[in-house]
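Participant: This is what each chain is made of:
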Amino acid sequence: MLIKTINAVLAVIAGVGGALALFWLLNRLVGLLPGKWEDRLKPYVYIGPAFLAISLYLIYPAIQTINFSFANADSTAYVGLDNYTSLLGSAGFRSTLVNTLLWIVIVPAVTIALGLGIAVLADRLRPRAEKLAKTAIFMPMAISAVGAGTIWRFVYATNPPGEPQIGVQNAIVTGLGFDPVNWLQISDFKFNSLELMVMLLWAQVGFSMVLLSAAIKGVPADTLEAARIDGASERQIFFRVIVPQIRGTIITVFVTVTIGVMKLFDIVYVMTNGDFDTNVIGVQFFNELFTNFENGKAAAIVVMLMIAIIPIMIYQVRHFRTEEAGR
Amino acid sequence: MSITERVAARPAAGGRAAARRGALRRGEATPVAKLTVVFVCTLWIIPTLGLLITSFRTKDDANSLGWWTVFTDPASLGRLTTAAYREVTAQANLDQAFVNSFAIALPATFIPLLIAAFAAYAFAFMRFPGRNALFIVIVSLLVVPNYVALVPILQVYGDFGINGTFPAAWLAHIGFGMSLAIYILRNYMATLPQAVLESARIDGATHFTMFWRLIMPMSVPALASFAIFQFLWVWNDLLVALVFIGPGENQPITVAVQGLMGQQGQGWQLVTAGGFISMVMPILFFLALQRFFVRGLTAGSVKG
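Each protein sequence line maps, in turn, to chains A and B.
Positions 1 to 327 (my numbering) are the ones given, in order, by the first sequence.
Positions 1001 to 1304 (my numbering) are the ones given, in order, by the second sequence.
Read the hints as simulated data drawn from the structure, not as lab findings.
The model shown is predicted, which means the values in this text are computed figures rather than measured ones.
Among the clues, some could well be false.
Stated by the list, open to error - Pairs of lysine to aspartate or glutamate, EDC-like flavour, derived with a Cα cap of 16 Å:
1) K190/A with D275/A
2) K190/A with E130/A
3) K1059/B with D1095/B
4) K1034/B with E130/A
5) K4/A with E1249/B
6) K217/A with E130/A
7) K4/A with D1095/B
Claimed, not checked - Have a look at the derived ranges for each label pair, beta carbon to beta carbon:
8) L22/A with R1291/B: 50 to 58 Å
9) F1128/B with S55/A: 17 to 25 Å
10) G35/A with F1160/B: 18 to 26 Å
11) F178/A with D1095/B: 39 to 47 Å
12) T1058/B with G18/A: 48 to 56 Å
13) N287/A with L1035/B: 38 to 46 Å
14) T135/A with R1213/B: 30 to 38 Å
15) V79/A with S1064/B: 47 to 55 Å
16) V1220/B with D74/A: 46 to 54 Å
The beta-carbon is built from N, C-alpha and C at its ideal position, and this holds for glycine as well.
Start from the sequences, fold in the hints, and give me the full structure.
Facilitator: Now the structure itself:
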C-alpha cells in the first residue's frame, strides 16, 4: 500500500517534471532557430502536447468508432447499416432513446429553474446564512454517483409489507397507511426514471445555483432601482430585468448540464443497471460492449449520440464566436 | 507598484464593485423566503444524513430500523458503533482502494493542468496561423462524450499491454480532460490585460518566462477551479475505471463501493460505510477550495 502511494507521488513528479522538461527542451530547441522561425514555431510547440492528447483520445477514437459502427460484433467484417437498423428496429432501444430524451428535456430545465429560485432566495439572507445554505446545496456536487447511489438507497429502499421500512419514502407511505412501494420498479409514466432524475438534480442544482447567483449579483443596482421607482413588482423585476441580463449565464449552465446529461452513465448503472425500463444510451452502450460483446452495435449507439450532439456543438461554437466578438 | 501587483489587485477591486451593486436587497428575506430556504436545505441534507447514521449502526439496526429512529428511540443511540468502518476496510480492501484512487487522481489532475496551461497560453497570447480554427476544434470537442474513445483505446492499450494499470487510467483522464482544461484556462487568461505582457516583452522577457512569472501566478483561480473539477471527476469516475482498470488490486474506491453494493446481504451498514469513505476526500477537497472554484468558473461565463 505504501508502495502505491509512493508510486502516485513519483508519477506526479515524473509526469509533471517530464512534461515540464519536454516544454523546456522544445522551447530551447526552437530558441536555437533564427528569430523569425522561432516566433513561427513556438505556438505549435506550446499547443503540440495538448493536441497530441486530444488527437489520440478524442479525434482518432471518433473516426474509429464511426468505422466500427458499420462493422460486425468483433469488428472483423463490414455489415453496412445492419447495426443501425437492428438497433432502431428494437423496441428496447427505442424505449432507451425515449428515456434519454426525457432526461435531456427535463433535467437541464429543472436544474436552471431550481438553481435560479434558490439563488434568488439565498441572496436575500444575511451573508453567513447565505453561505451556509449554499454550501449545503452545493455539496452533493462533490459526491460520486456511486456515493449518491448508496445515499439514495435509503430514500427508495423497500422492505416487504409489515416489516419496518428503512427507506424514507416508504416510511412516509406506510405511515399514511398504504402498502410499501418498490419505487425503482414502477415504469408507468416513466416514474422510476423520474426518481433517478431527482438524484441528478440533487447533485447538479448547486452548480447551477452558484453560477446563476454570481450572475444575479452582477446585475447593476441602478437598473433595479429604476424599475422599482417605476413601480415594478419584485416578480416583474425578476422576469423583466434580472433574467434578461443574466441570459448568457443561463445559456452556459444549460449547455453544460445538457452535455452532462448526454453522457449520463453512473447513476442509472448503479441504481438499476437500466432494468425496469430505465435504460439510457450510456448504459446500453456499456452493456452492448461488455455484456453482449457487440462492438458494432455499441459503436453505432455512440455515433447516434454524436449526431444528437452536433446541434449543441454548433451552438457552442457560435456562442463562443459571439462572445469573442464582444471581447 | 509592479505590474504583477497591479494586476493581482484587480479581483479585489472587482469584488468591491460587486458588493456595491448587490443586485437584490440583502438581509431582507421575508419569513416565507427563509422557511423555503431552510426547507430546501433540509431536503438536500436528509439523504446524506441517512447514509451517515446508517454507517454507524449495527447490522441488525441497519437492516430493520429506519435511520431516523435514532432520534425517536434513545436506546439505539447506545448501539451506534464504528464497527462497519473497520469491517469494510478489512473485508473489501477499501483502504487499498482509497490509496489507489489517490494514485489515479493525483497524476491525472496535475499533468493535464500543466499541458493545458501551455496550450491556453498560446491561444490567449500568441498570434499564429490556424489559431482560431484550432481553438474551435477544442470548443466543439467539449461536447463529445468519452464513450467514443473506449473501444478504440481499449484496442490500443491491448497492443501495448497496459490495460488494468494506473497509466491506462492516467492517460485516459489526461486526454478526456484536456479540451475542458484548455477552454477554461484560455477563457480566463483572455481576461488578463495584454498590456502586462507587452511591457514584459519590451523588457526582453521570453514566452517561457512570461508564462511562469506572469501568467501562471495570475491564473491561480482558473488553475484551482480546473484542478478541483478534474480531481472530482477522476476521483468520482466509474466508467473509465471499470473499462480500463476493472475490479482487482488496482481498483479505485468507486469500483470497490460499486462491488459492495452488489453484496448488501452482508448488511447495509457496510455499503454505507464504504460510500461514506468514498466521499470524504472529494468533499474535503471541495470545501477547502470552493472559493477558487466559484471565482474561476464565473470568470469566463459571467460578465461583471
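Participant: Now tell me, hint by hint, if it's right for this structure.
Facilitator: Against the structure, the hints:
Proposed proximity of K190/A and D275/A is supported: the alpha carbons are some 12 Å apart, at most 16 Å. A distance of roughly 36 Å separates the Cα atoms of K190/A and E130/A; the hinted pair therefore is violated under the 16 Å criterion. Proposed proximity of K1059/B and D1095/B is contradicted: the alpha carbons are some 21 Å apart, above 16 Å. Between K1034/B and E130/A the alpha-carbon distance is near 10 Å, which keeps this suggested pair within the 16 Å criterion.
About 11 Å separates the Cα atoms of K4/A and E1249/B, which keeps this hinted pair within 16 Å; it holds. Restraint check for K217/A and E130/A: satisfied, since their Cα atoms lie roughly 13 Å apart, inside the 16 Å limit. This hinted pair checks out: K4/A and D1095/B have alpha carbons roughly 12 Å apart, not beyond 16 Å. Checked against the given bound of 50 to 58 Å, the beta carbons of L22/A and R1291/B, roughly 32 Å apart, lie outside it.
In this structure the supplied range 17 to 25 Å holds for F1128/B paired with S55/A, their Cβ-Cβ distance being about 18 Å. The hinted range of 18 to 26 Å is not satisfied by G35/A and F1160/B, whose Cβ atoms lie roughly 40 Å apart. Between F178/A and D1095/B, the C-beta spacing of about 43 Å keeps the proposed range 39 to 47 Å intact. Distance hint check: the CB atoms of T1058/B and G18/A are about 50 Å apart, consistent with the given range 48 to 56 Å.
A C-beta distance of roughly 45 Å is found between N287/A and L1035/B, which places it inside the suggested range of 38 to 46 Å. A beta carbon spacing of about 35 Å between T135/A and R1213/B agrees with the range 30 to 38 Å that was offered as a hint. Between V79/A and S1064/B the C-beta distance comes to about 54 Å, which sits within the given range of 47 to 55 Å. Range check, V1220/B to D74/A: Cβ separation about 49 Å, and the 46 to 54 Å hint holds.
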